Amino acid sequence: MLNYRQLHYFWAVARTGSIARASEQLNLTPQTISGQISLFEQTWNIELFQRVGRQLELTETGRQALGYAEQMFQLGGELEAMLRAGPQEQILFRVGVADVVPKSIVYRLLAPTMELDEVLRINCREDKLERLLADLAIQRLDLVISDSPMPSHLDIKGYSQKLGECGLSFFATQALAERLGAPFPACLDDAPLLIPGQETVLRSRLLRWLAEQQVQPRIVGEFDDSALMQAFGQSGSGIFVAPSVIAEEVCRQYGVRLIGQTEAVTESFYAISVERKVKHPGIVAITEGARRELFHW
1 MLNYRQLHYF
11 WAVARTGSIA
21 RASEQLNLTP
31 QTISGQISLF
41 EQTWNIELFQ
51 RVGRQLELTE
61 TGRQALGYAE
71 QMFQLGGELE
81 AMLRAGPQEQ
91 ILFRVGVADV
101 VPKSIVYRLL
111 APTMELDEVL
121 RINCREDKLE
131 RLLADLAIQR
141 LDLVISDSPM
151 PSHLDIKGYS
161 QKLGECGLSF
171 FATQALAERL
181 GAPFPACLDD
191 APLLIPGQET
201 VLRSRLLRWL
211 AEQQVQPRIV
221 GEFDDSALMQ
231 AFGQSGSGIF
241 VAPSVIAEEV
251 CRQYGVRLIG
261 QTEAVTESFY
271 AISVERKVKH
281 PGIVAITEGA
291 RRELFHW
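Counting from 1, one number per residue, gives the positions in the sequence shown under UniProt numbering.
For the record, the hints were derived by calculation from the structure and aren't laboratory data. In this text, all values refer to a predicted model and were calculated from it rather than measured experimentally. Where hints are given, some of them may not hold.
Subject to a maximum C-alpha distance of 35 Å in a straight line, what follows is the list of computed DSBU-like cross-link-like pairs (lysine-lysine) [as the list claims (entries may be wrong)]: (1) 128 x 157; (2) 128 x 103; (3) 279 x 162; (4) 279 x 128; (5) 157 x 279; (6) 162 x 128; (7) 157 x 103.
Pairwise CB distance ranges, derived in the manner of DEER restraints [what the hints assert, rightly or not]: (8) 25 x 81: 15 to 21 Å; (9) 1 x 198: 40 to 46 Å; (10) 130 x 53: 36 to 42 Å; (11) 162 x 1: 40 to 46 Å; (12) 251 x 84: 44 to 50 Å; (13) 83 x 292: 30 to 36 Å; (14) 288 x 1: 37 to 43 Å; (15) 51 x 73: 23 to 29 Å; (16) 264 x 44: 57 to 63 Å; (17) 31 x 137: 37 to 43 Å; (18) 162 x 224: 17 to 23 Å; (19) 131 x 73: 17 to 23 Å; (20) 27 x 221: 51 to 57 Å; (21) 208 x 74: 41 to 47 Å.
Glycine included, C-beta positions come from ideal geometry on N, C-alpha and C.
I would like the entire structure built from these sequences, with the hints used as guidance.
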């Protein structure tokens, strides 16, 4: 088995850059730290550091080991904080959000967690879906909110719960809307359009629907981040889209007009968790709230 004390000494030296600084931080002699790291290397027949001049540099094995050590001791720190807090204090709820999910949807999905009897402290992080799922697999996250279920090609044990789905709405500034001469959706023909990027599930559905309607808008921007697309839409750069369930909120927040809606193009949202986490009070609140309040299942 790993000697976690020796691993911790290695981690401290790698982070501080020297045995001397690590010894000050850990309140140990440099000889103790150096000796324990040497024993660790001998046990596993590896080299973690190499000396370059007067400096210690990580070997390739050392760099790989440091990545694992970072994750292990971060989780250990979170465990220590939870144990110190005690059962009556806050429950940490770590949520990853795929950057393609609109921020207004995320807020409304998370809102029910604020009303629980349990006191949750939400740690919310946005990133690409595959990176979030990698953190979910090693339990650095409790939940991932996405516009798609767990991809089948990933070797990650997880559980996808569909939170709901809704149609798509189209928005434009007042000035741009007034220049559109035809009824919806014909007004989209040759109009400037901002669309979701290739990372999104919605993109292909939207483009297929536009072809079926025999309209050819001028695509002037593609965005993986929905908030950035809405910001460009607010500036008048083009027509943009958002889930119909938040249409009123988008109009109010960005000062734009709703120019049309379709139920032929739908966007879905999922809560992805590891199986043993599905009873987390935060996850239960999100899934029940989404079906009851947001998507009206």
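Against the structure, the hints:
no.	hint	verdict
1	128 x 157	18 Å, holds
2	128 x 103	14 Å, holds
3	279 x 162	16 Å, holds
4	279 x 128	25 Å, holds
5	157 x 279	16 Å, holds
6	162 x 128	19 Å, holds
7	157 x 103	27 Å, holds
8	25 x 81: 15 to 21 Å	19 Å, holds
9	1 x 198: 40 to 46 Å	45 Å, holds
10	130 x 53: 36 to 42 Å	39 Å, holds
11	162 x 1: 40 to 46 Å	41 Å, holds
12	251 x 84: 44 to 50 Å	46 Å, holds
13	83 x 292: 30 to 36 Å	34 Å, holds
14	288 x 1: 37 to 43 Å	42 Å, holds
15	51 x 73: 23 to 29 Å	25 Å, holds
16	264 x 44: 57 to 63 Å	59 Å, holds
17	31 x 137: 37 to 43 Å	39 Å, holds
18	162 x 224: 17 to 23 Å	22 Å, holds
19	131 x 73: 17 to 23 Å	20 Å, holds
20	27 x 221: 51 to 57 Å	55 Å, holds
21	208 x 74: 41 to 47 Å	43 Å, holds
No hint from the list above goes unmet by this structure.
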